[in-house]
Amino acid sequence: MISTLRTLLLFYRRHLRVQPLRELMAVLGVGAGVALLFAVQVAQSGITGAFDQVTRGVAGRASIELAARGPEGFSVRSAQALARMHGVRAYAPLLTLQAQALGPGGATGAQRPQAITLVGATEQVSALHGRLSTAFERAEQHAKAGFLILTSSLAQRLGVRAGENVTVLIDGRREEIAIAGTLGTRALGSAAGAAIAAAPLPIIQAAAGLPGRVSRALIEPQRGQGAKVRAELERRFGARLEVRPVSAEGTLLARAASAESEVSLLFSVISLLAGVILAYNALLLASGQRRRFIAYLIEAGTPDSIVVASLIFDALILGLAGCAIGLAGGEAISVVAYRGAPGYLTAAFPVSAQHIVSAQSILIAIGSGIAAAFAAAVLPAIGALRGGVLAVPDAIGGSLSLTGSLRASERLLLGGGLLLSGGAVLLASLAPSSTIAALLALVLGIMLCLPMLARGLLLLAGRAARRASDAAAKLAVAELASTPTRPVALLATGVIAAFLMVVIGGSVADVKSAVRSGAASLITGDSLWVRPGGAQNVYTTQPFASAAVAARLERLPLVASVQPWRDAFLDLERRRVWVLGVPSGESEQIVPSELLEGSLAVADARIRAGGWAALSETIVREEHLHLGEAFRLPTPTGEAHLRLAATISNYGWLSGAVVMSAGEEARLWGSPEASELQVRLRRGVPAAAAKPAIAALLRGDGALSVQTSAERRAEAGAVLGGTLSRLNDTTIVVLITAIASVLTLMLSAVWQSRARIDSLISIGMSFTQLLRLIFYECAGALLTGCALGIGVGLLGQYLIDGWLAQSTGSPVRYAPAWQLSLSTLAIAAAIALAGAAIGTARAASTQPRTAFAT
Amino acid sequence: MDQIADRSGRPPQGIGQAVSAAVAEMESDGRTWELLELEHVHKRYSTPGEVIHAVRDLTLTVRERELVALLGPSGSGKSTLLMLAAGLLRADEGAVRFEGRDLATLGRRDALAHRRTQLGFVFQSFNLTAGLTAQENVAIPLLMRGIEHRQAHRRAAQALCEVGLAHRLDHVPQRLSGGECQRVAIARALVGQPKLILADEPTGNLDSETASSVLELLGTLPARGGAAVILVTHDERAAARADRVLSMRDGMLLTQARGGAR
Ligand SMILES: Nc1ncnc2c1ncn2[C@@H]1O[C@H](COP(=O)(O)OP(=O)(O)OP(=O)(O)O)[C@@H](O)[C@H]1O
Ligand SMILES: [Mg+2]
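Residue numbers (this note's numbering), protein chains in the order written: chain A, 1 to 854; chain B, 1001 to 1262.
Among the hints, erroneous ones may be present.
Cβ-Cβ distance ranges computed for the label pairs, FRET-style [as the list claims (entries may be wrong)]:
1. B:Ala1113 x A:Thr4: 57 to 67 angstroms
2. B:Thr1047 x A:Arg157: 20 to 30 angstroms
3. A:Ala300 x B:Gly1049: 49 to 59 angstroms
4. B:Ser1074 x A:Thr4: 47 to 57 angstroms
5. A:Gln819 x B:Ala1113: 21 to 31 angstroms
6. A:Ser823 x B:Thr1047: 37 to 47 angstroms
7. A:Ser3 x B:Thr1047: 26 to 36 angstroms
8. B:Ala1113 x A:Arg466: 26 to 36 angstroms
9. B:Ala1113 x A:Ser823: 35 to 45 angstroms
10. A:Gly462 x B:Arg1154: 15 to 25 angstroms
11. B:Met1252 x A:Ala844: 52 to 62 angstroms
12. B:Ala1104 x A:Ala337: 49 to 59 angstroms
13. A:Arg754 x B:Ser1074: 16 to 26 angstroms
14. B:Thr1047 x A:Arg754: 13 to 23 angstroms
Here are a few chain A residues that face chain B, going by a calculated C-beta distance under 7 angstroms [what the hints assert, rightly or not]:
15. Leu320
16. His355
17. Ser358
For the record, the hints were derived by calculation from the structure and aren't laboratory data. Glycine included, C-beta positions come from ideal geometry on N, C-alpha and C.
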């Protein structure tokens, strides 16, 4: 056993010595795929996993929660009633809200406000035995002075210590709260990375201006009483409050992030496939060498089992090395690039991403890495085994020349490839939900066509070169024709890299622009916008004492009118939707570009009249609604009965939007407070000029911000542009891998044909001729591959856009990524040139001694 | 110290007219020019651990149209000597002169021009390009020099005729025998009408029968084309055809035997 292993290691060390570059390239290919897969999973669990961790850490043994539907919460007396309820073992009222905080530097404006989650709790929470709540509660009890307990990372970011004050910006006001202490990883685990600040309930209530209110109550039913308690809660509170499992919000978050995670997963799977193909390329290039080695082993009487074991061992090492590189790379990507939760999610959920590496994501990455290695190794291995017996030492580079039998199988491949890709395109356009599978099939199909394509291209190039006076061109074409593996590998690399670049870059840009335009479409005219909070409140869902502010603004001579918008998030059973309360002064209740079904004028009139609302297509589909049909909406004042005025897109919130009149929303939410004021200026007053006057008037209110329409649009663009933006980092990894493998291919090609190049140098080939020769040999295939990859990529972008429009419910419009395509080509040309330059410099810097007899 | 072999100066024919004109002029002078001179040449290779003296204090003169056979065991420095003679390597000490010009004084560009116009190379493993026909392979050095495609091909055809491969112009190397391949390579060395042909074990990959025909071809070159030949070989038969037979060991010239029947 040990000796077998030693033999296998010996064989492998020999491969490494003989062909280090290609071994490296194969490892890189697998590694890149694994890295992306791993990074995407870590990023995903960093958001949803972190959220669940915090939820569980706070809730402890509680399984049911009573949650308010609006930001105003519900009376703490309702929670106290739980104490007398039969079957309730323990309960704890909480007030959680999103706010911003500033450290001591904040007063001078030297620091940007940090988004935080404020939690107010009573000592009842320790009865639930949650790890986090217990830790916070204990810290609270041991504190000598101050109220607020911060996570250590938050304290660090704010630059504060126990005993100092934190300025909290809540709903348009500033509150100073003294810090009682901080909690680090020892007490909180990875949750110490979250931006959480907790204080006794009354403190938070006072800070939020919500005396006597709580946002939720966590309930631990007695054993076996869960269903009964839930039913009773439903009966007593169901009309105005959500009665749901404590994990429900995490589910909603996962839903909101699902478009992103699905798309990310799609691309990481494609990237893994690309990794397999790159590795396969590398192994194919090395196959001639391996074949000879296996022939040698067989001749030397090595038992078959050892030969097979050696092949398996090679694949295993490839897989493991790929996994090691991939895990390290993926970790680096997730730390550097996928940091933090995307802005559009933090606006709607109290999340702050943490770095959570689960055993599951490691296992998945390793499993797929090894599978990829075997997938890449199996064909060359079969070839080597079959050919091993017949292997003849090949003469003058003729080993790989295309023979008749190859030609027939190539035709077969071409036919199969065309069929597969055609079918894939058809499938994707008929059934967008199958786009993922279709894209994979498309890529595979194109790969199958490459050998025949390479042959055709070489034939053409050969014709052109026959009459050429350029020795470099002639030599390049001849060399490619006699060793077709390399051009096919370069073609494949070009196709995959360009395809991934274009398809990812293009469709991500399309989604972004759809999401951005959805958000920006609301911000019309040259107005000023007043609302609490910063970028985190991008969906303007924090109400504030708007009436007094509006009254003061209206007295300004510059101001023509002040319109209150009233937006809020609302939890439906399966999604957290964005409810827009549009002021009656707005000329159109529905932004025309967001309308999907229904008449704009009719819907407008109906929404203004009240009792009607417009819903996102995703919700309409889920609820099987038709125009004019009645539906129920769970609101803070109870279940509302509304009718469907129009079907709309999602205004930039992927989980879906509801549009009603601001008056209606104020009634349903039982609160007159607006979440944003739109200040219309008198004719001829530019917003930028009026902004200082308005800002001066609001200074007393502290945390209200004033923005012009342009600033507001820019901010929305920046935050919502974060949607899917992680995918762009994916393209960087693809690019780096492709560059590395192209360079490896080129340099190994130069190394492999050292004798040929040395002899050419000896007989009088100049430096520039050699540069051209190597450039032609690689650039032709690479650039053709890129061009093909771009073509397929633009097609793929079209298909993916269709799927994304459906899965994100956004008006994704296909805008072919021409610019990206061009830069991809330019990058490819630059790589080929750089590779040729490096290869030439290496060849020319040493004596051409391999040409001579040794 | 050099011995001038007497030789039957057959009239020049075919290619190499310019050279033969010069030869005719030279012979009318009654003196023979020294084509290549190596004077106290020393070449060291520094490897981690040791310094290898590949060529030591070597002095050698090759005259025009002379066939010099160079024998010696493996590692004795024969290939190094050829590379020094071609200007592909710089001597650490001593001088290498071609027609009186010190190769060390040539810049990169001049060295290239020198190799293109004055030298021809024949390698052990032929180093032909697999996808090109015999004619195209032979035309390559001319194309590299910027000679136009049609003219290059015409001269390539001529050179192939010279080596007896008129019927193999359109064959790719894969369809040629080893001996034929080496003849194509010889044609490639000849096509530029060089003054000196450097052949490093040209028969090393050939069976003995094919080898002797290739040796015979190489033997006739000085007389026919007017090019001198330095022939590195293990083949004792080559010695029989040579004007001079040199023997190397440990980087040094041992003997300078007079050539055989010419
Ligand atoms: N680039 C180099 N670096 C280090 N040592 C070298 C180098 N080139 C040649 N040598 C050494 O110099 C010595 C002479 O080498 P050379 O190739 O000239 O011998 P040779 O006579 O041609 O041998 P063979 O008959 O095997 O071809 C050898 O010992 C060789 O190992
Ligand atoms: Mg040698």
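Query raised in the report: Quick check: which numbered hints come out false for this structure?
Result: 2, 3, 4, 5, 11, 15, 16 and 17
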